[in-house]
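Please construct the entire structure, taking both the sequences and the accompanying hints into account.
Chains A and B, in that order, give the protein sequences.
So the working numbering is basically just the index in the first sequence, starting at one, shifted up by 253.
So the working numbering is basically just the index in the second sequence, starting at one, shifted up by 14.
Note that these hints are calculated values from the structure, not bench results.
In silico SDA-like pairs for lysine to any residue, Cα to Cα no more than 25 angstroms straight-line: (1) B:Lys135 with A:Ser276; (2) A:Lys373 with B:Ala40; (3) A:Lys341 with B:Val248; (4) A:Lys341 with A:Ile547; (5) A:Lys373 with B:Ile51; (6) B:Lys163 with B:Phe116; (7) B:Lys211 with A:Leu279; (8) B:Lys134 with A:Val297; (9) B:Lys135 with A:Val555; (10) B:Lys163 with A:Phe324.
Predicted, not measured: the structure shown is a model, and the values here were computed from it.
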Amino acid sequence: MTATTTAPSAAPDATRPAVRPPSDRLRAWATRAPLLPALIFMIVVTQLPFVATLVISFFDWNALYPDARSFAGFGNYGDVLGDAALRKSVWTTILLTVAVVLASLVLGLGLALLLDRKFKGRGIVRTLLIAPFLVVPVAAALLWKHVLYNPEYGLLNGLLHYVGGPQPDWISNTPLIAVELSLVWQWTPFMMLILLAGLQSRDQQQIEAARVDGAGDWQIFVHLTLPHLRRYLELGALLGSIYIVQNFDAVFTITSGGLGTANLPYTVYQSFYQAHENGLASAAGVLVVIGSIIIATFALRVVSSLFREEVGRA
Amino acid sequence: MSATAVRPATTGTTTQRPRTRRKAGAGLGLVAWLAGIVFFLPIAWMALTSFHSESDAATNPPSFAASLTLDGYREFFGAGGGASPWPALINSAVASIASTLFVLVLALPAAYALSIRPVKKWTDVLFFFLSTKMLPVVAGLLPIYLFAKNTDMLDNIWLLVILYTSMNLPIAVWMMQSFLAEVPVAIIEAARVDGAKLPTILARVVAPIALPGIAATSLICFIFSWNELLFARVLTGVVAETAPVFLTGFITSQGLFLAKVCAASLVISLPVLAAGFAAQDKLVQGLSLGAVK
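Listed below in structure tokens is the structure:
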């Protein structure tokens, strides 16, 4: 404001930049304001607890002996990685995630290709196929455990009975596969939906053109459809991995973590909820996070490339 | 792809192909139907078993044509002296509906600031929200448990409401952002030029276009909250127990109880099935965090 007295002629130009910054800043904050509640809420509820987990993971801390809490450095991580049972749960997590994601991805691709064609009752079939995903996970696990797998009166052995097949005890004989099968049943619809969306975003003109040029169905699938689907396959695999790495419901319900099916989330639950080993549980939790971050980095890259394409198209 | 230019002239050759393809298509349609039935079979069997008597439910070979009864449902709702599922169902309803409302209250303004009137670097903010979704539940479970224990919040349904809000907020922000971005800027500008104030613009211009998307987002948030087990299992006890926690009571066999398990699983899944089919068109978008439309 002092500028107006010294140089009256320059006043209009000089005052404007002097006044503008505060109002600009105000406007910027006004634009930002609607965002802040959600942002602050997320930081407080998700980031702070993780920081706490990180801190606790460096302490030797059993909740039953609260006075014996002491700093342990990387001791808990050493214990987690050194303990045979815990190391096995890392391996189980990887096995479970990879098997379920791959199987449901392949099945989902097959189903998406079938549903991409026109046929009578396509809507009904789509609905039938989505249904498994819309059963509450615990209910789905109970369904498999008691109603399908039960060796005496389960439906699977009931159907095998008709063809004179064997009567295996599914959960005891192949516990991990039993858990995986139930998860594949629930997650195949998820993959199918993502891949179906991918198939339907193909360039139909290009496919028609290839067909006119004499390309067969198989050639079109290999040279046009698969390359186009690549990112949708990646997205399905990565999102599926993020959800299945965290799976707790199926392991908890079908085997209660027994018979070598305990994955990391179950181990974390078990080591603090039942064994009260807070430090150990936190270290295992941090390991799950590290695994997730590795997957998430790739996932975010795929999402962002799809996202930029969407924004670019609009 | 020079062929595109030739295409109109060659329609004659394409008329011959559909006939053979239609025959193959009918066969593949049959395969699709078979796949649909195989995938649905466990649910159909669960539904049928829930209407059987306990002795008909547990047979080998399975009794497909046994007489139907509502005993399984009566048992589930506590007729046989078991615990009533109503408190758990009500808790689940409170947790799911309240958290979904909170999500809407927080996500709508945020999505507005990321689409219609975007802040600088809005994509970075959007991706921050997404990255929080990738942090697994076990990452913060223990500190949340300890916090709840020290503040007397254990076994309190409102703790779950807060956690479910945080669980669903990223998905909601992503979905709403993409729905609000579909509102043409020109219409909003036109309304502004006509002298409409912000609340009027939001209510009269933005809401009608974005409402179906907002509804679908709410349904998806509802599903995720209703399904959640790990938080509920660790943080609730007798008072705030939710429906999935109630279901975990069926993990160990209790004699003949198949019909009851099936009835329980079906009743507790019904809200999810209903919400899922209602939101079917937007389901992929929600599940893929908005990456697929």
